Amino acid sequence: AGAQQAEMPKLTLGVGGKTLLYYLPLTIAERNGYFKDEGLTVTINDFGGGAKSLQALIGSSVDVVTGAYEHTIRMQAKGQSIVSVIELGRYPGIVLAVRKERADTYKTIADLKGAKIGVTAPGSSTNFFVDFLLAKNGLKPQDVSFVGVGGGLSAVAQMTHGQIDAISNLDPVITKLESDGAITVLADSRTEEGNARIFGGTNPAAVLYMKSDFVAANPVTTQKLVNAFYRALKWLHAATPEDVARVVPEDYLLGDRALYVAAVKASKPTYSVTGIVSDAGMKNALGMLTAFDPELAGAAIDLARTFDGRFVARATEATK
Amino acid sequence: MGVVAAQVPLGTALTGSAVTLAGLRIAFPAPRRREPPFTAVDGVDLEVATGEFVAIVGPTGCGKSTLLNAAAGLLVPSAGRVAIFGEPLAGLNRRAGYLFQADALLPWRTALDNVAVGLEVAGVPTGEARARARGWLDRVGLAAFLQRYPHMLSGGQRKRVGLAQVLIRDPEILLMDEPFGPLDALTRQFMGNLLLELWGAARKAVLFVTHDLEEAIALADRVVIMGAGPAARIIGEWRVELPRPRDIAEVRLEPDFHRLYRDIWSTLRDEVAKTYARGEGPL
Amino acid sequence: MGVVAAQVPLGTALTGSAVTLAGLRIAFPAPRRREPPFTAVDGVDLEVATGEFVAIVGPTGCGKSTLLNAAAGLLVPSAGRVAIFGEPLAGLNRRAGYLFQADALLPWRTALDNVAVGLEVAGVPTGEARARARGWLDRVGLAAFLQRYPHMLSGGQRKRVGLAQVLIRDPEILLMDEPFGPLDALTRQFMGNLLLELWGAARKAVLFVTHDLEEAIALADRVVIMGAGPAARIIGEWRVELPRPRDIAEVRLEPDFHRLYRDIWSTLRDEVAKTYARGEGPL
Amino acid sequence: MTRPKLLALRVAVAVVLIAMWHVGSTVRIPAGVVSAKAVFPLDPFFFSTPLAVFERTWRDFASGVIWYHLGVTLLETVLAFVIGAVGGVLIGFWFARQHTVAAVFDPYVKAANALPRVVLAPIFALWLGLGIWSKVALGVTLVFFIVFFNVYQGVKEVSPTVLANARMLGMSERQLLRHVYWPSALTWVFSSLHTAVGFALVGAVVGEYLGSAAGLGYRIQQAEGVFDVAGVFSGMLVLAVFVILIDAGVSAIENRLLAWRPAAVAERP
Amino acid sequence: MTRPKLLALRVAVAVVLIAMWHVGSTVRIPAGVVSAKAVFPLDPFFFSTPLAVFERTWRDFASGVIWYHLGVTLLETVLAFVIGAVGGVLIGFWFARQHTVAAVFDPYVKAANALPRVVLAPIFALWLGLGIWSKVALGVTLVFFIVFFNVYQGVKEVSPTVLANARMLGMSERQLLRHVYWPSALTWVFSSLHTAVGFALVGAVVGEYLGSAAGLGYRIQQAEGVFDVAGVFSGMLVLAVFVILIDAGVSAIENRLLAWRPAAVAERP
Ligand SMILES: Nc1ncnc2c1ncn2[C@@H]1O[C@H](COP(=O)(O)OP(=O)(O)OP(=O)(O)O)[C@@H](O)[C@H]1O
Ligand SMILES: Nc1ncnc2c1ncn2[C@@H]1O[C@H](COP(=O)(O)OP(=O)(O)OP(=O)(O)O)[C@@H](O)[C@H]1O
Ligand SMILES: [Mg+2]
Ligand SMILES: [Mg+2]
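Chains as they are written, first to last, in the numbering used here: chain L, 1 to 320; chain H, 1 to 283; chain F, 1 to 283; chain V, 1 to 269; chain S, 1 to 269.
Keep in mind that the hints were calculated from the coordinates and are not lab data.
Keep in mind that the hints are not guaranteed to be accurate.
[Unchecked claim] Here are some of the chain S residues that sit facing chain V, going by a computed Cβ distance under 7 Å:
no., residue
1, L90
2, K110
3, A114
4, V119
5, L126
6, W127
7, L128
8, G131
9, N150
10, Q153
11, I244
[Unchecked claim] Distance windows between CB atoms, simulated:
no., chain 1, residue 1, chain 2, residue 2, range
12, F, G200, H, G16, 49 to 57 Å
13, L, A196, S, V39, 54 to 62 Å
14, F, G135, H, G16, 49 to 57 Å
15, H, T267, F, H151, 50 to 58 Å
16, V, M20, S, P262, 15 to 23 Å
Just so you know, these numbers come straight off a predicted model, no measurement behind them.
Backbone N, C-alpha and C define an ideal beta-carbon position, used for all residues, glycine too.
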């Protein structure tokens, strides 16, 4: 595939929180030089959140985005044509946990009534995750209060200092809190059985998405990007957490290699193996969204248009 | 006795009249609302002919500075009219130079630059403007203080810089508010002679406010006396027929000078005392 | 002839001396660096006894205000010493009241509050302070202007508010810098008499700067003449032996007055003319 | 200018701006003019449309949900403004009068002013919790410096003659502060307050935006998360109206306190 | 105070602060005093330790990685500062001289000042791309208002007598601006510039923090995401030093331009 010249050898990629393990495949592809191998120069722009990187895509500030799959559905409802081309995470990797000291009060999700729950940002997928779980347990979002605490230091700070009762967040925050013994997990979407219990199957998380126009105009570039990410997924699948720790920048190690290894280990099942968004996954994702967003509930969504599997198929073909 | 100013026909712009104030009333808004405005001067008629030197004398607070402000176009009269060379004054009086009673130098410019600025804004090249400013500062006795900022000068020095600043522009009308107030007697004479010399050469119209009646008589063609305020009026005018050119120190020795002085002073004193007796003045 | 001030023994604090300036030199930093500092006054010895009224007369820019600033403790002398009632002055002179040459009223206070403030800060209850301030404004002829802010007053009115502001505090030493400069002749007499009356009652030490030599003689016990600057000195002193109490208007009619006047004036004029001839003055 | 005329002009400006917005976000530029596709000059995805925003604002107020958030933000803003302004005035005066203190701490104050508040937010949250106080703290760090630097300069600008006179009138340091420095620095204080009002609100909203459970910032972020631009703009609209009201209050106090100043000279060309 | 003494005092302050930080983040309060467990007064997880921060800063500079980021941020800051300040001065003057314009736009300026810049970031990215210009724009929106309000007030503060004199000397509106309003407003301008320097940097860093590929704000964000507190504090340290340097430049210009002012009166109690 490397033989053909890319239409756009230089491009910018947006991501909302590159250091999150959610986006680990991106870092792997970058650090292992997979983009370079494909003849691409990718500038990675890091944003204050997934919503901002999507806005940058719509505004044409970036060419492609690694972000949540649900954005492709949302954008379809808003009349923007966004398509994902490879799945990076098959499970959301979001964990809902309560603070140890309050574990007696909040034994199950149904007990969360009145709790103060930290999410990365109001309106983000961590928020919807909780909404979804609450609904399943017969509660309404209004029964709890949400606080945006981000996905880094301050999330840890709020939890350890007892500012919030529960937290819905991602790794490495969750692993850090777990290793400190600060939380008790209520729902864990990092594992297969966890997802089965919560969604009844997979639920695509991080994907590489872009405008449909971009795909149409730059098929070769898109293919090369997908190739690079596909290699990263393959590599991840085979690698041990220690291998990962060797590859990522030293700064990413949370100042504590063991903690980082633990976090990678916990997150490993979430990374996609095939790179393909399954039909069941699409339905699960849509079902979760329509449950809370009145705007989406009314919209007619063509799930087939949210994922374009041609590129992954070709990448699979090539690596065989 | 005084020639009352109302003799000058109202509303006519005499040819050769440089400044005409006719039926002028100036009122200031009261410090507190709801009180009536404060009428500083009312019914003032005054005419300064081209080339005439008129001195205004009057009790403190009667409205002398107010009149000059009106003639300069800085104050809009509440009633009456101001005409400059026969034209009704609209906006600033661009043909006049005004030496203010209070400090008005640009604090961020040295003495030299303060004097030069009037030429610079008129388009004279900086080099020439400075050279001429140097000459003027020399004439007012400040050759050694060119590079001083105003706050480094004494009160009298600042006034002289202001004088040079106004005179260097060679305006057709000179409005001067107690220009020699903070000067010693001798410097005062020097400055007075300087002014007379300039005036004699270019025959400007001068409106000169002073508290020194002797100075007024020594310098002016006509001395105008204002009564005490509020609603101050002109209460008398005297023509000074002393010969020109005059030397200020010497003219005081003339017998006519003393006669005139006593004449004016008695009117002035009586008038002011009368006002004060009404309980509006000190003691 | 003048009694040269150096007769006063240096470095001794005479009993009964309110203000002692001994060997005073005051230099200002030059406007540009690297130039030498400007010495305004040098070697000034002056003593004002308790209850004495001393007038200072001198050419403009000679350093009169500078001397008063030194006596007030606002300027630190470069050399020499300042003593107040025999005590070397460190910091501000708290026993003096100072009427500044420039406008110095608090712009955010009405005339009434400006006068009352000196009492208020001394702890007098506001009501009483105001009542007394009202009385003082009455005495300086501004009863009708109590509620005016300074910018609403004429130059002479502001000066009189300043006068009341200083006098109401009844200080032991009065430093006055051209206090009657912007006043008309009659008001000047009223104010002079007011000052003399107060001084006669409480025998304050007064250091009075004026450009009006007649005023100086009429008011003072002693007239001090300064030479022209830079490095100005005291060039002569005259004791005025005219009888007290004096009325300012009347005392001028005394033959002694005129003799003294002519005497001082000739010295002053000669001295100043001499300096000017050196090329340091106007013309 | 008369008041009605002024008001009319102001309204006219608003109408023009909104009309531009409306046209820009609803009328496409035909294909081929600026780009291959027909595009909106102001893409409604980013700018929404005025109608949507007004409708949304109206709905929020009608349903009453916004009042609670508005109240929270207002409280934070006012607290941040008052604490920051009082702090700025006090410390500003203190620095201006204590030359040694000022000289020693000068670089630290300037460095502190340069710390990005967004980064500080987690620390504030840590110390002050997620309630209103961490937002107030953020607002205070903005307001404080704006007021501080102006007060510091304002005190130095006191006329030397007036100051000398006041000192000769026997004023103690405290009396000087009260009767001279304070009134003289007031214009400076008020100038900074006009800027500070806006920044107090910004601080509160940003604080909410970075972590909170209520307030307009919270609502704006929530709207952003679901790409509800009308919601974002509606939040900003409410903020703007809000600030104009607070600022009017500041101006009213200013006019009262600065009644002594000469009215602007009647200038005629 | 002599310069060496002043310097010594300044260093002393820094030493005390750092010592407090060091002790707070390395010495535990024994169990039972404030809580059941032994705790750090300043938890090193959130506050790092001075040594770690210095070591980190040193390493960054030694390895050279920081220079590039520093350069980007510096460029953004300087651009934001210059553009914002020049804009504030120009518009400030314009408003101050055009009373109608000022009166009409007054509420809009104030409302604009209250818009939370964080929310505007996506719009700037839309218009200006993700390069330095969207960060510069964010900085400009902070700097502009600070300078603007001060210039506006500064122009109004011109002494009426000096103004009247200048007008009688024949100055046109333009000459008045140059010879009277501008020099008179300069103290106001500089006072605002001292505040603005810090805010320019804040704007740049916040812009980077919200979305970028380089700069100190980017580095701080990366560090925050991986719990690298030493990295966050090291970034802030560099920022702080940075601002002190820029501000020293502003002060030098100020001292040159305001050489005409009377030196502070020698005050003796
Ligand atoms: N802005 C103002 N508001 C109210 N009254 C004012 C204002 N300006 C001047 N006045 C009053 O107008 C009168 C005349 O003032 P003006 O300054 O013309 O006096 P003047 O004759 O110049 O006095 P002086 O000899 O003391 O300078 C005074 O009584 C003064 O109080
Ligand atoms: N801050 C300063 N820097 C430099 N020179 C100064 C400063 N202040 C005053 N001088 C100079 O000192 C000399 C004395 O000034 P001073 O104000 O004492 O004069 P004065 O006798 O009061 O004059 P006048 O009668 O004009 O008020 C003047 O030549 C003046 O230029
Ligand atoms: Mg006057
Ligand atoms: Mg003087």
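Hints, one by one, checked against the model:
{"no.": "1", "hint": "L90", "result": "violated (17 Å)"}
{"no.": "2", "hint": "K110", "result": "holds (5 Å)"}
{"no.": "3", "hint": "A114", "result": "holds (4 Å)"}
{"no.": "4", "hint": "V119", "result": "holds (6 Å)"}
{"no.": "5", "hint": "L126", "result": "holds (6 Å)"}
{"no.": "6", "hint": "W127", "result": "violated (9 Å)"}
{"no.": "7", "hint": "L128", "result": "violated (13 Å)"}
{"no.": "8", "hint": "G131", "result": "violated (18 Å)"}
{"no.": "9", "hint": "N150", "result": "holds (6 Å)"}
{"no.": "10", "hint": "Q153", "result": "holds (4 Å)"}
{"no.": "11", "hint": "I244", "result": "holds (5 Å)"}
{"no.": "12", "hint": "G200(F) to G16(H): 49 to 57 Å", "result": "holds (55 Å)"}
{"no.": "13", "hint": "A196(L) to V39(S): 54 to 62 Å", "result": "violated (41 Å)"}
{"no.": "14", "hint": "G135(F) to G16(H): 49 to 57 Å", "result": "holds (52 Å)"}
{"no.": "15", "hint": "T267(H) to H151(F): 50 to 58 Å", "result": "violated (32 Å)"}
{"no.": "16", "hint": "M20(V) to P262(S): 15 to 23 Å", "result": "violated (50 Å)"}
Hints 1, 6, 7, 8, 13, 15 and 16 from the earlier list are contradicted by this structure; the remaining hints agree with it.
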